[in-house]
Amino acid sequence: MESDIKLIDADGKRLDGRKIDELRKIKIEAGVLHRADGSCYLEWGGNKVVAAVYGPREAIPRHSQNPLKAIVRARYNMAAFSVEDRKRPGPDRRSREISKVTSEALEKIVLTDKFPRAAIDVNIEVLEAEAGTRCAGLTAAGVALADAGIPMTDIPVACAAGKIGSNDENGKKTGGHVVLDLGKREDNFGDADLPIAISPRTGEIILLQMDGHLTLEEFDQALTLAIKGCNIISEIQKDALLEKYQKGLEVD
Amino acid sequence: MTEKKIVLPGDKLSTSEELLSGDGTFEEDGIIRSSQVGTYVVDNQNKRAKVKAVTSMPVLLKRGDIVLAEVRMMRSSMIIADVIHVIGSKRGISGDTNGTLRVSEISKGYVKDPSDAFSLGDIFRARVTQVKPSIQLETKDNEFGVIKGFCSKCRNSLIKKDNILECKNCGNKERRLTSNDFGTFDPNNL
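Read top to bottom, the protein sequences are chains D and W. Residue numbers 1 to 252, in our numbering, belong to the letters of the first sequence in order. Residue numbers 1001 to 1190, in our numbering, belong to the letters of the second sequence in order.
Where hints are given, some of them may not hold.
Stated by the list, open to error - Pairwise CB distance ranges, derived in the manner of DEER restraints:
#1 D/61 / W/1185: 30 to 38 Å
#2 D/64 / W/1188: 25 to 33 Å
#3 D/6 / W/1056: 49 to 57 Å
#4 W/1159 / D/27: 36 to 44 Å
#5 W/1060 / D/46: 21 to 29 Å
#6 D/27 / W/1130: 43 to 51 Å
#7 W/1043 / D/211: 47 to 55 Å
#8 D/96 / W/1046: 41 to 49 Å
#9 W/1142 / D/62: 35 to 43 Å
#10 D/29 / W/1060: 23 to 31 Å
#11 W/1076 / D/127: 49 to 57 Å
#12 W/1142 / D/97: 50 to 58 Å
What the hints assert, rightly or not - Below are the DSS-like pairs computed for lysine-lysine, each with C-alpha atoms no more than 30 Å apart in a straight line:
#13 D/108 / W/1132
#14 W/1052 / D/69
#15 D/6 / D/25
Simulated from the structure, these hints should not be mistaken for laboratory data. All C-beta atoms, glycine included, are put in the ideal place defined by N, C-alpha and C.
Bound conformation, chain W alone (with noise of 0.2 Å):
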């Protein structure tokens, strides 16, 4: 195989006579050039000079991202949820992370109302639907729902029993949207 070279930022990679800048380059005075570490790619299908980063990188939210979040805000109709992690990355989310969720991508069945599904403090993965102007998110799926509830009266933790949730502390019975996988979610093994 043979040994790729890496380009470093500020490199020079080409000329915007002959590609277009892509990702990880950027152009100055006509000349493309690398603006992180990695390897230099060229998509000949769209005629664009790209840096394929060795290092790790800035996660930016994406379109059919699968996230994490928690539910800062309930309306009548929707709910505003602060996206705190990227399924599959590493490090923080760069940019805005202020979410929606409508109450018609909550579930494939019908949802009369947001608090029949969440409240607030959860913590539920969900997928990406668009980025902009702003954040959307869908649970329309079993992987998707809360994985981490708090009782409404004591803010303490919720146990699936059979199909309700159950607070260990107070025994208070609360009715979530629950992914498939409540309450065995491990934040140390994201």
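The following block holds chain D by itself, in its conformation from the complex (with noise of 0.2 Å):
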């Protein structure tokens, strides 16, 4: 049976070669997309994401409206063709709750009281999909929503952390390892996973959710792990916003 396969070896190789506390590659460009307000396009290791803002603009239905702040609605879609089978096209329960949970994330980061009544559109779709499209989707969203000059108080960056290698190769029980951003077939088989989004600047974690079974002690390691891994990735979110506005101050 393929859930028996060896996720991770002696040495604390994973599957695709990483150390247990390895990033897959990660590449973003802000601002791809001519007719969106801002926009960033991000690969992480299969995953391959757009995420466009518009707005702040008038939230329709006006009964949406909150006439003291602006409300983010951030909707989260994965292409039919993202995904190895055919995906059903359309909202389903899991991206209506990807939706939910980055909109809600986002939220705390935007000074959304400069907008009362209005309404900033975060879409983020998916157009290859490798495990962690929801952590892409919201490090991809917070680079769209700075290169659309949203007033915010940070850059959110989202990361995940899970556990592998609990059953060997002979389904017998080991202790199994805690490690960085899962990959397809580590979500899969493994344990449990840890996705997480903070405000960098601070720590303070604007989403948490866990799949699978965690002690107190793996939890607490998967969490310092997951935050290590958001800082590393903000960096390259920061590069890849001055990437695109320095060389624009160069010129003049």
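Dock chain to chain to rebuild the complex, using the hints, since each chain is given by itself in its own frame.
Structure representation (structure tokens):
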């Protein structure tokens, strides 16, 4: 059975050759869409995500408006061709949940009180998926928001940690390893996944979900690891924004 | 020329003892931080820390903005219009867009009834004279007025002939307060 797959070897090397605390390759580009107010393209291992920001604009329907602050409406969507078997297009339970938690995470860091009655639309489109798309989407959304000139207290960033390898190839129980940034097979056959999003400046956690079981010690370990990952990705985000806008300044 | 450094959201700029928090910044625990991607500027006259954005910015209406608006409602003493675009900006408007144009603000001369100058659905150019508590518009100049009008009988667009507007479909003649570039305005070239 494939669930008996060996996710981590004796040297602590994972299936794709990464170490326990190693991230997949990340590439971020800001401002890729012309019609959007702000946008970002992100590649994270096998994930390919585009985020587009529109607004602040009048919130419709009007009953969704808040007279004191803007609302942030994130929409996470997976393309039909983003996974191996065709995904039935349209919102489903999973994508609605992810949309909700990312909206709430982003609302925490946007200075929403500057735009009463408005809505800030964040569209996250997953073009290719390989585990950890909610983290990739939120990370891309953070850059897209900054690119749209929306006032924020920080650039949000997300990363996951998890636990793998508590079943060895003979199906015997072992201790397992807490690892950073689960890949697709690690996510499918691993024991736990802990995606988090933080505001890297303050370290405030703006999203935390957990799938699977972790002991209290493992949880603490995974959380520390994920925060470490977030801080690394945060630097990549900043470089992407500087790359785009520093150039324009040197010209004049 | 010295290379300017870009600040990112959350970067520390100054303290509240030193400066006041201006555009593109926010204050948190006595520290002024950037809320935008931009360059840090100190306004020494007003002692304000500001961030001049390098990204595109959300568009908020200001007094003096030249705007395009669409007539939504006609009253005996005023017109209610939806502001749809700010000239010179590339983004939609953030915030309230419901503007009013009073009869007295339509023209330098006397206008008895707003329906002599505008009709429902017309697109016109105007200047913003007030933003708070409500958006007020004026059209007292040659460049202001209707830039695209629609026939009140068949809703086809009107064409300017001498000083009167004529519907190209039904030949209905109408009167409007037209701007000096009526009919030549290209919405693709905003």
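Going through the hints against the structure:
1. D/61 / W/1185: 30 to 38 Å: 32 Å, holds
2. D/64 / W/1188: 25 to 33 Å: Given about 32 Å between the Cβ atoms, the range holds.
3. D/6 / W/1056: 49 to 57 Å: 50 Å, holds
4. W/1159 / D/27: 36 to 44 Å: Since the Cβ atoms of residue 1159 of chain W and residue 27 of chain D sit about 54 Å apart, the hinted range of 36 to 44 Å is violated.
5. W/1060 / D/46: 21 to 29 Å: At roughly 41 Å between Cβ atoms, residue 46 of chain D and residue 1060 of chain W fall outside 21 to 29 Å, so the hint is violated.
6. D/27 / W/1130: 43 to 51 Å: 48 Å, holds
7. W/1043 / D/211: 47 to 55 Å: Holds: the Cβ-Cβ distance is about 50 Å, inside 47 to 55 Å.
8. D/96 / W/1046: 41 to 49 Å: With Cβ atoms ~47 Å apart, the hint holds.
9. W/1142 / D/62: 35 to 43 Å: For residue 62 of chain D against residue 1142 of chain W, whose Cβ atoms are near 37 Å apart, the range 35 to 43 Å holds.
10. D/29 / W/1060: 23 to 31 Å: Taking Cβ atoms as reference, residue 29 of chain D and residue 1060 of chain W lie about 28 Å apart, which means the hint holds.
11. W/1076 / D/127: 49 to 57 Å: 56 Å, holds
12. W/1142 / D/97: 50 to 58 Å: This hint holds: roughly 57 Å between Cβ atoms.
13. D/108 / W/1132: Status holds; Cα separation ~28 Å.
14. W/1052 / D/69: 23 Å, holds
15. D/6 / D/25: 22 Å, holds
Violated hints, in rising order: 4 and 5; the structure is consistent with all others.
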